[in-house]
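K.L.:
Make a model of the complete structure from these sequences and hints.
Residue strings, one per chain:
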Amino acid sequence: MKSIAYPLIALLSAALACLSLLEWQHARSISDIDDLRGMKLGKSALARSVEGLRRANSYSVKTADGEARLFDALRLQAESEKDADTRIALLCEALQHGGEALRRAPRNGALLMNWANVRQTLGESLECGRPLTQGNFRAAMNSAVAFEPSNVGVLFSAGLISQWAGDRAQAFALYRKALTLGEVTTPSQREYIGRQIESGEDLAAVVPARFPQIVEWTQRIKRQHPQSEELFTRTLERMQMEALSEAEDGHTSGAIPQEMHQQRLFGLLNAGVSSPVRQKIDSLLASLFAEVGNKPIATYLTERKSLSEVPVIRTFAESDTRPHKSPLVGWNRIGERNFDDFYSSIGFFVPDNHRVILVELQGRNETSNLSMSLVKLFASNDNQQWVELENESRLESYRIGRRYIVAIHPPPDTFRYWKVNFASSSRARTFGNELASLVKVYSKGEGAQ
Amino acid sequence: MITRLLIAASVFWAAPAIALDSVTLGVPEFPERLSILESRSAIAEYVRAATTSALVQAGQPVKFELADGMSVSSDYKEWAFHIAPSAKFYNGRTVLPADVEFSLRRCQQNGLLGEVSSTRSESRKSRSLGSEQWVVVSLGSNADPHIFPDRLAKCPIVERASSSLFGAQLGFGSNYVAVGDYSIVDFRVGHEYTLQRSPLDSSLRSKRLRSAPLNLVFRGFRDEESALTALRVGTIDAFLSVQEGIISKAEKDETLSIRKCSQYTQVLRRGLSINCPEQFIAADVQYVG
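In order, the protein sequences belong to chains H and V. Each residue of the first sequence is one higher than the last, beginning at 481 in the numbering used here. Each residue of the second sequence is one higher than the last, beginning at 93 in the numbering used here.
Since the hints were made in silico from the structure, they are not lab data.
As a list, the in silico DSBU-like pairs of lysine-lysine whose alpha-carbon atoms are at most 30 angstroms apart:
1) H:K924 / H:K702
2) H:K775 / H:K785
3) H:K702 / V:K180
4) V:K180 / V:K299
5) H:K702 / V:K217
6) V:K217 / V:K180
7) V:K180 / H:K920
8) V:K217 / H:K562
9) V:K246 / V:K180
10) H:K920 / H:K775
11) H:K542 / H:K523
12) V:K217 / V:K155
Some residues of chain V that are not near chain H, with every Cβ distance over 10 angstroms (derived):
13) G203
14) S218
15) P237
16) V309
17) L360
Glycine included, C-beta positions come from ideal geometry on N, C-alpha and C.
P.N.:
Below is the structure:
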């Protein structure tokens, strides 16, 4: 009997061990928290996974990774649990396993942040009655940041935890640290941070005034706050100036190569800047072009830097075959337009007291088939009777910073309504841009932007 | 019974009215300096009605136009409006509380809303809709709140950014950006305004406009005799008259009809229906009967 019983017991033990091993393998394969999230497991499937991990942990030597996996799985199970008591119990168990993981890897920033997150969720006063579950979430968070000061994920999570704890100033300081690390932050993290910015002060607290961040955040602010951009104008202008000074110092000291410096300047210029910033960039670019011996562009930029952009109201007229008679209508339009398209006209209204010194057409592309002889300038004071300023205007074209630019220097008269007409039936459509960028108007008059 | 049902069905299944391509209205000659936003002349009333909108429409009960929510304080001295998120200027930009605030202040300053003491934007929290911006209008102590909505209906909402730059030129020629069924596509000062129906979308407003003319032309006439001749030869579809002699000539013409407006008599091609300038609704311009 015994001779049969021993092999049978051995066989059964081996089968059980195999089963446990299989279960452990299965648990391992879906143990990563992101895998679990991605699988969108039902409540019972989640519970089975957690159970599998629990068993796997009990059958193997405890490691930081194993404890961390169980910690994450329990957190996920708690998220899906509606009953408050069960949820707290699961979070407490998670916290204990998080603590176990930290005992084995005490300088792991991500683990510390996750532990702090769960501790914060449970509230400081709730006692779990389990080992390694009591402690201050702020202390854990600060330790994580201290251990991994360059880990963007840790910094971002610490910012979130601070924000949830009501400490907006600390949250913003942490976001700033994360953003200072540049491109390492993910687009969704930057999107989230952008949504927390409600004023110029917020912007200054969060965004570092340096390249390349200043370019992206100038664009982001314009995109996220199209109607309340003026709230940020001054702060943005100050930050852009600071970034430009730092970049100039870097270029002068040789730390930033000329090509990169130039690209950064064009990047900021095309992101949309106020007149003082644009003048500063023009000045820096003029020096760069002079350095490489490109005198025409250096001269043009030197002239432009002395002018201020005039705020005008723009419009666009398609098929304007009678530009000397047709009035401008449909003001302040938005959207992309092609200038070299069957007698198109770009029109603008200039507020009082501004004498137009320079009209600049700026295409989106570096090249264009646009011929200067087809560009006609008209002006009017009543939007009815138009005069062509053909002989008195000076037209030039440049390729500056991957943009094709047509510069029109009108005669020294003051007009209220202006129209630039493409005098051809050609439909080449090689010179187009967003209407606000397609035409810019410059003046020396006071009150210009 | 079957006949009744058929009649009822034919009412519902009647073919939709076909939009007229273009309708031209003769109006008294107008001055070269004419503010479409301010003037009480017939041409300004017509163009304003077709190219602008207010927060609410005139009449009781209050019907929303650009607003989609309203609240009134218990003493009727404070009126708050929520702007419909779908409200857009003809250039495609969304109408924002700042635009409404600017427009109401403008109407307050020019006396159109003299009873308003202040206008401000306010953030209000709703449990299901989150934080929303409302425009709050406070009325002065002597204001009559019962006539306020009708007066508000006369205050066109214009875009703040462009209006500020137009400055003293706002409202003249084509110098305004508003929300309207039509937009100005051409004009000759003192003589003519040509309006074009805004592109139709799937909104209720568009459904209402489907039968409206594609183009509306308002042409100024120095003398009514030439307006009557233009109507008879078919270059215009209606005109406004104040001369008894012209009106009696029109009455005798079987191809024409007349309609009394407050200070004018409308002389129209028979079958054409156009509201008087003060109640002008472009969608109602159509041939009937």
